[in-house]
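Visitor: Each chain, letter by letter, is given below.
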Amino acid sequence: MNIAVCVKHAIDEGELRSDSSGRPQLQGALAKMSTFDRNAVEEAVRARESKGGTVTVLSLGGQDWKKSLKEALAMGCDRAIAISSAGDLDTLATSYYLSRALQKGGPFDLILVSEGASDTYDGLVGPMLAEWLNLPFIGYARKVEIGEGTVRAEVALDEKAEVVDAALPAVVSVVSEVNSPRYPTLLQIMQASKKPMEELALDSLRDERAPLAAVKVLEVTAQPVNRKRVIYEGAPEESAQKLLDALRKEGVI
Amino acid sequence: MTDVLTFSENPQLAGELATAADSIAAGAGGRVFAVEVDAVREAPAHGSVLLVKAARPISGDSELIASAISEAARRRASPIVLIGSTKLGRMVAGRLAVASRMCVLADVRDLKVDGVRLTGVRGVYAGKFNAKVEGPLPCVALVPQGAYEATAGSPGPVEEITVEGFSPRVKRTEARAPQRSALDLRTAKIIVAAGRGFKTKEDLALVEKLAKALGGAMGASRPLSSDLGWLGEEYHIGLTGVYVRPNLYLAIGISGQLQHVAGIKDSKVIAAINKDKQAPIFQVADYGIVGDLYQVVPALLKILGSE
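Protein chains in written order, with the working numbering: chain A, 1 to 253; chain B, 1001 to 1307.
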């Protein structure tokens, strides 16, 4: 069973601050493996543990992104493919180059991704990979079972849950409740540096299908938080009364 | 000419997309087409309807829906496709973008078109920042719920497109019927939501009672519908769940993680009850009570009940 998992080295949105002009301080901002991607890595490693085979972790990035790959290796992945890109790519281009690397580094029976990156939460790379690679896609799996050449998943959509079946190879995106990602031990972190990491340049992956046009980010500004922040402390009955009075005054109850 | 196609399986969003499409197409002298699959819904459509039918049902299968929209877009040479930002919508948009080589703007509002490109504004970094983004046409845009007001329109002519060779690669069976429709939350004027601060599932009766007393709907933060499994996903409010925009959002025992706040920040008034004064929810709330919810909620119920 050859398993691939794609991860993003993303800005830690919880730590991101804005400068005096309201723009995010991206220079020197903390970055880490996108929160939900850790669930995808965990699911890949568990699949290997029960079915055998290898897990390859892939990531496209340009700065420090190998840190996320090393973390995935420490969590139990067997080898890494680092796709180096000088600048940021949009989702269409990112998925294209990932799909090319998957073709080059494969074949893979199962390709895992998370439900969305923690910085943008687009949830597009999974279905895009499936389309580039002409594979079935299962989105938002909270339980994944691998059979003989098949995958069954329980998926959580907006308003309903479904059980879905597809033939392998397939692309599957997992939600965070699928598992609790492990924390690697110090020994595993040290051993990870001995595992193979292959670096691929975008040029080596490009073919005639490469997307030309791209989405541009023109400006990023802080979202204003205009909240009153009135706090009531004290006896519950008093606070309750004050809150209801305030809400009536607002005309919302 | 900039024709605009729209698709959403969610009837509320479909109405909002119609408004968005009208606003783009009007300026550019284009027409609007709503893509429907299998059958035309009763929801009022704007402009013309392109009904895509196949030998098997298309609804619910993201790959087949993407193919259907791709087929409709090809016939109308429409450079813009608006899709509602639901989980199904994201899967459809991803497939469609690759199949038709279109850029994707995700979760955009304030859409504007100038003939060669589409611009919009989206939240990034769990809604802490806004990004203005631009995509060259042809372009797919995922539009979140609440970005546009749904307007009633007169249904236009229906054109049927029959496609062949549509065969699903993913077999789907419904696992569990939802306890109620997520639309209840999306359209609710008052929402009372529960979080990790509740000790047992049975205690959620307090929230239910309070929601009822206020004439609102009950919601929850992610742990209650995922890790704890106390409620179905249709109750889950946040970045990875339902986006809400009520007049009053009352968060009880919810700490206010970024991912949760991202789903409620368009609420008119946010109130919170939490025993931890440092809980981040108070930073984004208009009114907050620092206290034990097991004392505060009964106090609220008592006052509401005695009036």
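Take the hints with a grain of salt, since some may be wrong.
What the hints assert, rightly or not - Pulled from the structure, derived: some chain B residues nowhere near chain A, Cβ distances all over 10 Å:
no.	residue
1	Ile1024
2	Gly1027
3	Gly1030
4	Glu1149
5	Glu1160
6	Val1163
7	Trp1230
8	Glu1234
9	Ile1289
Said to hold, decoys possible - Here are the simulated BS3-like pairs of lysine-lysine, each with C-alpha atoms no more than 30 Å apart in a straight line:
no.	chain 1	residue 1	chain 2	residue 2
10	A	Lys249	B	Lys1209
11	A	Lys32	B	Lys1189
12	A	Lys242	B	Lys1132
13	B	Lys1199	A	Lys242
14	B	Lys1277	B	Lys1302
15	B	Lys1277	A	Lys160
16	B	Lys1265	B	Lys1201
17	A	Lys228	B	Lys1265
18	A	Lys249	B	Lys1189
19	A	Lys160	B	Lys1275
20	A	Lys216	B	Lys1265
21	B	Lys1209	A	Lys143
22	A	Lys249	B	Lys1277
23	A	Lys51	A	Lys143
24	A	Lys67	A	Lys228
25	B	Lys1275	A	Lys242
In case anyone wonders, no lab produced these hints; they're calculated from the structure. Ideal Cβ positions, reconstructed from N, Cα and C, are used throughout, including at glycine.
Visitor: Does each hint fit the structure? Answer for all of them.
Guide: Do the hints match the structure? See the list:
1. Ile1024: Holds, since 17 Å exceeds 10 Å.
2. Gly1027: holds (19 Å)
3. Gly1030: holds (20 Å)
4. Glu1149: holds (19 Å)
5. Glu1160: At about 26 Å from chain A, Glu1160(B) clears the 10 Å cut-off, so the statement holds.
6. Val1163: With a cut-off of 10 Å, Val1163(B) remains clear of chain A, as the shortest Cβ separation is near 17 Å.
7. Trp1230: holds (13 Å)
8. Glu1234: Answer for Glu1234(B): violated, closest chain A Cβ roughly 5 Å.
9. Ile1289: violated (4 Å)
10. Lys249(A) to Lys1209(B): Holds, at about 22 Å.
11. Lys32(A) to Lys1189(B): violated (38 Å)
12. Lys242(A) to Lys1132(B): violated (40 Å)
13. Lys1199(B) to Lys242(A): holds (26 Å)
14. Lys1277(B) to Lys1302(B): Given that 30 Å is the threshold and the Cα spacing comes to 24 Å, the pair holds.
15. Lys1277(B) to Lys160(A): Measuring from Cα to Cα gives roughly 36 Å; hence the hint is violated.
16. Lys1265(B) to Lys1201(B): holds (26 Å)
17. Lys228(A) to Lys1265(B): holds (13 Å)
18. Lys249(A) to Lys1189(B): holds (16 Å)
19. Lys160(A) to Lys1275(B): violated (33 Å)
20. Lys216(A) to Lys1265(B): holds (25 Å)
21. Lys1209(B) to Lys143(A): Distance of about 33 Å is beyond 30 Å: violated.
22. Lys249(A) to Lys1277(B): Measuring from Cα to Cα gives roughly 24 Å; hence the hint holds.
23. Lys51(A) to Lys143(A): holds (16 Å)
24. Lys67(A) to Lys228(A): Violated: Lys67(A) and Lys228(A) sit about 41 Å apart, past 30 Å.
25. Lys1275(B) to Lys242(A): holds (17 Å)
The structure is inconsistent with the numbered hints 8, 9, 11, 12, 15, 19, 21, 24, although it conforms to all the rest.
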